[in-house]
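J.: Spelled out from the first residue to the last, the chains are:
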Amino acid sequence: AQSVTQLGSHVSVSEGALVLLRCNYSSSVPPYLFWYVQYPNQGLQLLLKYTTGATLVKGINGFEAEFKKSETSFHLTKPSAHMSDAAEYFCAVSGSFLTGGGNKLTFGTGTQLKVEL
Amino acid sequence: DGGITQSPKYLFRKEGQNVTLSCEQNLNHDAMYWYRQDPGQGLRLIYYSQIVNDFQKGDIAEGYSVSREKKESFPLTVTSAQKNPTAFYLCASSTLTWELFFGEGSRLTVL
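In the order they appear, the protein sequences are chains A and B. Heads up, the first sequence is in this note's numbering, so the first residue is 786 and it goes up one at a time. Heads up, the second sequence is in this note's numbering, so the first residue is 144 and it goes up one at a time.
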């Protein structure tokens, strides 16, 4: 079975500073990896995803993430934080038909991002 | 616009009552899911369905039931057997590459 670990349940940055949200995964087969964002009392919205190919993935709102197989990581970054980035962020890894995971995602416990003036 | 519609957005239940949460999608996706969200625990999978008239238990299926009679609909019933049902419930559907599209959620509170 696959699993996801998000380091830091709360991260606080100043507006204009670098955003770095950490995600490590475990999977016995090449995974598909995702970052989702959730605003209060709303559903989740896809930020970006890695399936195959280029390991640096660009998403919406200026976010990007890099798949590092050797480190089993998929950290989310944004060069300059904006107040509107304040939200909860979830990393997720896909199951695999090879391991019987089927068509479902396993989510991390989330990181709440706070952006301060 | 295509998307996922969940209703109701807020729901209150007395102990011992069953309640049903609605989820409808017009994205023509085969797969649909129900997740439960509690503070600090992320999203936990309750049930999922990859095709009409078929569904599988997720990680926390006890006390819940689902049906999938139509491609567009995947209702979730929270039964009286669910001991701690107060939570935020999210429905989603997915593409073939596991990209999930979520509804706005339903918040259930047990009085």
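Bear in mind the hints are in silico, worked out from the structure with no lab data behind them. Since this is a predicted model, take the numbers as computed values, not measurements. Certain hints may be false.
Under 10 Å between C-beta atoms, here's a sample of chain A residues computed to sit facing chain B [unchecked claim]: (1) Val789; (2) Gln791; (3) Ser797; (4) Tyr821; (5) Thr840; (6) Lys843; (7) Phe848; (8) Thr857; (9) His860; (10) Thr862; (11) Ser869; (12) Ala872; (13) Phe875; (14) Leu890; (15) Phe892; (16) Gly893.
With a straight-line cut-off of 30 Å between C-alpha atoms, the simulated DSS-like cross-links for lysine-lysine are [claimed, not checked]: (17) B/Lys200 <-> A/Lys834; (18) A/Lys853 <-> A/Lys834; (19) A/Lys843 <-> A/Lys899; (20) B/Lys152 <-> A/Lys834; (21) B/Lys152 <-> B/Lys200; (22) B/Lys157 <-> B/Lys226; (23) A/Lys834 <-> B/Lys214; (24) B/Lys152 <-> A/Lys899; (25) B/Lys152 <-> B/Lys214.
By construction, the Cβ of each residue, glycine as well, lies at the ideal position given by its N, Cα and C atoms.
J.: Would the stated hint for A/His860 survive a check requiring a Cβ distance to chain B of less than 10 Å?
T.: With a minimum Cβ separation of about 17 Å from chain B (threshold 10 Å), the hint on A/His860 is violated.
J.: Let's test the interface hint: is any C-beta of chain B closer than 10 Å to that of A/Phe848?
T.: Because about 16 Å separates A/Phe848 from the closest Cβ in chain B, which is outside the 10 Å limit, the hint is violated.
J.: Hey, B/Lys157 versus B/Lys226, does the alpha-carbon distance stay inside 30 Å?
T.: 12 Å, holds
J.: Taking 10 Å as the limit, does the beta-carbon of A/Phe892 come near enough to a beta-carbon in chain B?
T.: 4 Å, holds
J.: Given A/Val789 as an interface hint, is the shortest Cβ-Cβ distance to chain B below 10 Å?
T.: 8 Å, holds
J.: Holds or violated: is the Cβ of A/Phe875 closer than 10 Å to a Cβ in chain B?
T.: 6 Å, holds
J.: Let me know if the C-beta of A/Tyr821 comes in closer than 10 Å to any C-beta of chain B, holds or violated.
T.: 8 Å, holds
J.: Is the interface hint satisfied for A/Lys843? The criterion is a beta-carbon contact with chain B at less than 10 Å.
T.: 16 Å, violated
J.: When you check the alpha-carbon spacing of B/Lys200 and A/Lys834, does it fall within 30 Å?
T.: 26 Å, holds
J.: Hint check: A/Lys853 vs A/Lys834, CA-CA at most 30 Å. Holds or violated?
T.: Since the Cα atoms of A/Lys853 and A/Lys834 sit roughly 14 Å apart, the hinted pair holds (cutoff 30 Å).
J.: Just to be careful: measuring from the Cβ of A/Gly893 to every Cβ in chain B, is the smallest value less than 10 Å?
T.: 6 Å, holds
J.: Taking 30 Å as the top limit, are the C-alpha atoms of B/Lys152 and A/Lys899 close enough?
T.: 26 Å, holds
The structure fails to meet hints 3, 5, 6, 7, 8, 9, 10, 11, 12 from the earlier list, while all remaining hints are met.
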